[in-house]
Amino acid sequence: MYSFDYKRPSSLDEATQMLRNSDDGHVLAGGHTLLPTLKQRLASASDLVDLAGIEELKGISSADGVVTIGAMTTHSEVAASSEVQNAIPALADLAGGIGDPQVRNKGTIGGSISNNDPAADYPAALVGLNATVNTTSRSISADNFFTGMFETALGDGEIVTSVSFPVPHSAAYCKFPNPASRYAIVGVFVARGSDGVRVAVTGAGASVFRAREIEAVLNQGFSASSVADIQVSDEGLNEDIHASAEYRAHLITVMTKRAVDKANG
Amino acid sequence: MSVTVSMIVNGKSVSAEVDPRTLLVDFLRVDQRLTGTHVGCDTSQCGACVVHVNGKSVKSCTMLAAQADGAEVATIESLAIDGQLHPMQEAFRQNHGLQCGFCTPGMIMSALDLVNVNSNPSEREIREWLEGNLCRCTGYHNIVKSIQAGAEAMSEV
Ligand SMILES: Cc1cc2nc3c(=O)[nH]c(=O)nc-3n(C[C@H](O)[C@H](O)[C@H](O)COP(=O)(O)OP(=O)(O)OC[C@H]3O[C@@H](n4cnc5c(N)ncnc54)[C@H](O)[C@@H]3O)c2cc1C
Ligand code: FES
Ligand code: FES
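Sequence order for the protein chains is V and R. Remember, our numbering sits 134 above the position in the first sequence when you count from 1. With the first letter of the second sequence counted as 1, position 150 gets the number 144 in our numbering; the numbers rise by one all the way through.
Calculated directly from the structure, the hints in this document are not laboratory data. It is possible that some hints are incorrect.
Stated by the list, open to error - Listed next, the stretches of chain V that the computed footprint assigns to chain R, with coverage defined by at least 3 CB atoms under 8 Å from CB atoms of chain R:
#	region
1	161 to 171
2	232 to 244
3	306 to 316
4	367 to 374
5	377 to 391
For glycine and all other residues, C-beta sits at the position ideal for the given N, C-alpha and C.
I would like the entire structure built from these sequences, with the hints used as guidance.
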């Protein structure tokens, strides 16, 4: 790692101030993406501003059909939360399938979505559930938050404070994990909510996206057989040593069918 | 610049001035001379470095010492008391749960976190829990057997 200063503010105002006063300050959440990247010297920072001391970023609450999860809530906490398990079991299930137990004990929802790895799991849940990302300066719909590979709508010094998830009628997530890292080669989050069916795909493209043609047929009939005749185009999909674009395109329909079956219990 | 870190390591209060980029694993191995915690990779995947921070298993290669300021840390060295192996250590010994032993401290610290959340894990639950612990020589079969036996022995104490 290149050297940096370490800071631990106790409030969001203080954190924002520290970021503003630094040359190239970065927020540190669970550190499970940032620290490996710094260790490889793929990134550097003048200051790391650790959010761990800011109480208001932690915890899970639910009211009026919306579950709100603080940015610093770990994947383990989301997976084990009875509130999340009762309201949106698919979300608890997704969090419990990220990486491994030690990654889940440190990694946070705020860190995962701010990083927007093309193969990360949470972006699929946010887009699938039509969630809202709350930051230090505004609220952004998930559809507008994820803007490209490792890119989000976050501005300089803007900190994610929480994510609000409307409770769907039913939902499920299925991923085909990379056997080494457990990141999604393809992951599909399917949700049936008040405004119809949403199908969010992660791992397959540069960033999470909605499979609109699949949403259309599932709105006609919410069963795996509705997807039988769909052939997803492989144009623009990711291709690497793990899977070809063509294979990923095929996995989108396979994961969708499994997710629909799971959502239908 | 340096930062002061203070924490409780295996029941003992320790404090030191460190470079902010010091990893917890280096703080434990180099500053505290607790070399039971190992480093097996630089991609946060192997789990040789697993320790407990405030009772939960974490990869100490992917955490700054500064992040553990004020925390309680437990390493493999905390387990045996007066030369008497912890039941989980004894179970690894009895069941051939190790060959070279490089992965073992991480395996055991990870297994103990599993037993904390699930005192009677099934074989499948153990295998799933070990997602973040790699062994390059024993093979997982005897490790899983050891953890099952260790969990059982712990419930009898
Ligand atoms: C071995 C391993 C396996 C993994 N497997 C998976 C997997 O299967 N699926 C998956 O989805 N992920 C996986 N991950 C990634 C893991 O979930 C990370 O923890 C997560 O992506 C980043 O969260 P973090 O809290 O660790 O963030 P950090 O690493 O601390 O930060 C990541 C980035 O986000 C910024 N940031 C953090 N918090 C905020 C905030 N509140 N506001 C604004 N910016 C912020 C940071 O500045 C940094 O740029 C894996 C990681 C490892 C090491
Ligand atoms: S050394 Fe920590 S995970 Fe490999
Ligand atoms: S015993 Fe040698 S790596 Fe596991």
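Verification of the hints:
For the region 161 to 171 of chain V, the stated coverage by chain R holds: 5 residues have a C-beta nearer than 8 Å to a C-beta of that chain, and at least 3 were required. Only residues whose C-beta sits within less than 8 Å of a C-beta in chain R count toward coverage, and the region 232 to 244 of chain V has 7 of them, enough to reach three; the restraint holds. For the region 306 to 316 of chain V, the assignment as covered by chain R holds, since 3 residues bring a beta-carbon within under 8 Å of that chain's beta-carbons and 3 suffice. Note: the region 367 to 374 of chain V has 0 residues with beta-carbon separation from chain R under 8 Å; the three-residue rule is not met and the coverage is violated.
Only residues whose beta carbon comes within less than 8 Å of a beta carbon in chain R count, and the region 377 to 391 of chain V has 0; fewer than three means the coverage is violated.
Checked against the numbered hints above, the structure violates hints 4, 5; every other hint is satisfied.
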